[in-house]
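*Asks:* The residues making up each chain are set out below.
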Amino acid sequence: MSAEMNIARARMLLEGIPGVTLSGEGPILTVETPVDQFAVVGAMLKEKVGCLFFAFLTAIDHKEAGLEVVARLDNLDSRVCVMLRTKLGAGNTRCPSLFAIYRGANWMEREAFDMFGIVFDGHPDLRRMLLPEDWVGHPLLKSYAVDTPYPPYR
Amino acid sequence: MAEVRAIDYTGSERLTMNMGPQHPSAHGVFRAILTLEGEKIVGVDAVIGYLHRCHEKLAENLAYVQYPSIASKTDYVAAMSSELAYVMAAEKIGQFEVPKRAQYLRVMVNELQRVASHCLWLGTWCLDMGGALGGGTSIFLYCIRERETVLDLFESLVGARLLYGFHQVGGVRYDPSAGWAAQCRATIDTIEKRLLEYEQMLDDNAFFEARTRNVGVISSALAQDVGVSGPLLRASGVNFDLRRDQPYSSYEDFDFKVPVETEGDCHARYRVRMVEFRESIKIVRQALDRLPEGPISSRPGVKSLGQVRVPKGEAYARVEGPRGEVGCYLVADGSQKPYRMKWRGASFSNLAVLPYILPGVTVADVVAIMGSVDPVFGEVDR
Amino acid sequence: MEIKPPKCTIPPANWEEFKDLQEWKQLHKTRPETGDKFSPLFESVTEGIHSFPGGFVVTTVADNFLNWARKSAVWPVSFGLACCAIEMMATFASRFDVERLGMVPWASPRHSDLMIVSGTVTIKMAPMLERIYEQMPDPKWALSMGSCANSGGPFRHGYHVVKGVDRIIPVDVYVPGCPPPPESLLNGLLLLQEQIAHFHKTGRKAEPTPKVD
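Protein chains in written order, with my numbering: chain A, 8 to 161; chain B, 650 to 1031; chain C, 790 to 1002.
Read the hints as simulated data drawn from the structure, not as lab findings.
Here a beta-carbon is modelled for each residue, glycine too, at the ideal position from N, C-alpha and C.
Mixed in with the good hints there might be a few duds.
With the Cβ distance kept under 10 Å, some of the chain C side facing chain A (calculated, not the full set) [to be verified]:
1. Arg884
2. Val910
3. Thr911
4. Ile912
5. Ala915
6. His946
7. Tyr948
8. His949
9. Val950
10. Val951
11. Lys952
12. Ile957
Could you put together the complete structure from these sequences and hints?
*Replies:* Given below as structure tokens:
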């Protein structure tokens, strides 16, 4: 099915869920969900809208407003791109995991945990991905300085 | 009579082997903690991060004019596609025009980079499978010979062989000089002829077939689920190529074929990449024939730090690199530095498929699979 | 028309003020000197030779021979970390062949003489690097390739990057560049060969000759 039809179908399915806002023009659809609906909407996107391709999952630190988790899912056949976002809110670092739906979320969520400290509920093996296991701190938070010393190496 | 105790050899003897960050297969710093039962792998724990160079945090502290040359160090074997992703994301947010000549130059340079990257891939893969003192070195040396001619082209264009600062927000920084087009044509003609040599060496080679057929099969559902892209995705049966399906930088003007295979094993990935070699050469010829005149950038050359200010907004720009979808998700806040930059590395997602395909293969196949997955750890660890 | 050179308005930096260099110097003062510790038997044999008139000629000639042998067959352990590894592979390959200098890249550290640290050393990788260096038998040399290994390079300010591999192992030759093209690496390897030619019996390595060309 074509991109427009697919987007129209997605909008129809998602508009019904409370708390979900849709935006975006053309083949890019941005779906903003509340935290508890994150995995539900993700599952719906995979099964009903056919977004089988898991591009990436990351987070953004909006200093006082809290963290925001962003995932990008694509439907390669009809060239539809969906940005799935959820704002965790100030002080909240828990988010439902997409691992049960997309296996690519495994490493991406581990990296988000490593860099931001977001704990993903439902992830089987949440450990640090890129930094050593005994590292203290979550570097991509705005409160972490880029040139934090680590004697004697730096 | 003494009791004869039967020893059960099946399934009880498990060995944890570390394929450490320093090992002879020429791929980079990757650690795989393999759980083995005899020679068969039962579990794999991939430890990455040995090359984590803080790209995403550094991007928040470096201006848009400073970062492209650092961006080339993510996928350092295909530096042109890495820079392009970052620069395209900034251009998407700011709606900066890129002149036609710059777009054609970008296409040309990206396809030449694909040829160079695949040369290195083929060389190192065969080196791993054949052994450094065995037959593997022959293909490695031949491929590097070809790759050096392409790097010569880059050296005469940009001044650097491996890591360039060629792209800038709004266009490119260097214009090819008078003799460059002729040198380029001569180079790609030679490479096209020499590709036949490699195929002659590998196509009917019994050892090559034995090591690559039905090894490391990735199904198309698994590939899409994990986010595998590029030649791996196309070898698993998914007919998707960013250059054709979501064209960027004037790729819609070019006529090229996209190879798709359905087996999903190492040999399929090899076939896909060999066709990509030839298609890239075709694209470069078309670009050289139709290169339009005009400026090479819509913005002035790099002179000061605060020169490029990208307005508030965000965009995800992706590029079909030699390894797959290299993407840059940029959140800009109106200043001269990004607010947040996420680098979607193709090799990160490609490697994420390893825990699902390695169980069941032997240790020797791990080397063949790693080579055909072709990871570059600058992209994985960023 | 006379073109005047630009006038620099920034006062020159006083390097002593930089905390990093002070830390670096502090580290160099406290690191013990590694060198070749010749076995006591060899010592006693050379003592015996020196007791004869003209014995020094023999040991000097033997020294020169051994140093020639050492420098002509330096086996680097293939320790490619990042982008510089690709240029190192290009140096080892067809066009800039390094095997004509006698260097065979060897995967096992137990059988190699030289460690070419090519690429950024991160804090996660640092203990591995130290372990590989310790596994190499004496006499061993280290060559720091590229600006990341020299000083942290473009990633110096990153939280996970070691500001130069000389904070972990003693380095004999620094090859600058990002990445250094194979010609630069070959220059560095030839400088290393000159250093090896001056490797004295006492085990003290020669002072690096500041050769600028």
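*Asks:* Look at each hint and say if it fits the structure.
*Replies:* Each hint tested on the structure:
| no. | hint | in the structure |
| --- | --- | --- |
| 1 | Arg884 | violated, 35 Å |
| 2 | Val910 | holds, 8 Å |
| 3 | Thr911 | holds, 9 Å |
| 4 | Ile912 | holds, 5 Å |
| 5 | Ala915 | holds, 6 Å |
| 6 | His946 | holds, 4 Å |
| 7 | Tyr948 | holds, 5 Å |
| 8 | His949 | holds, 6 Å |
| 9 | Val950 | holds, 7 Å |
| 10 | Val951 | holds, 4 Å |
| 11 | Lys952 | holds, 5 Å |
| 12 | Ile957 | holds, 7 Å |
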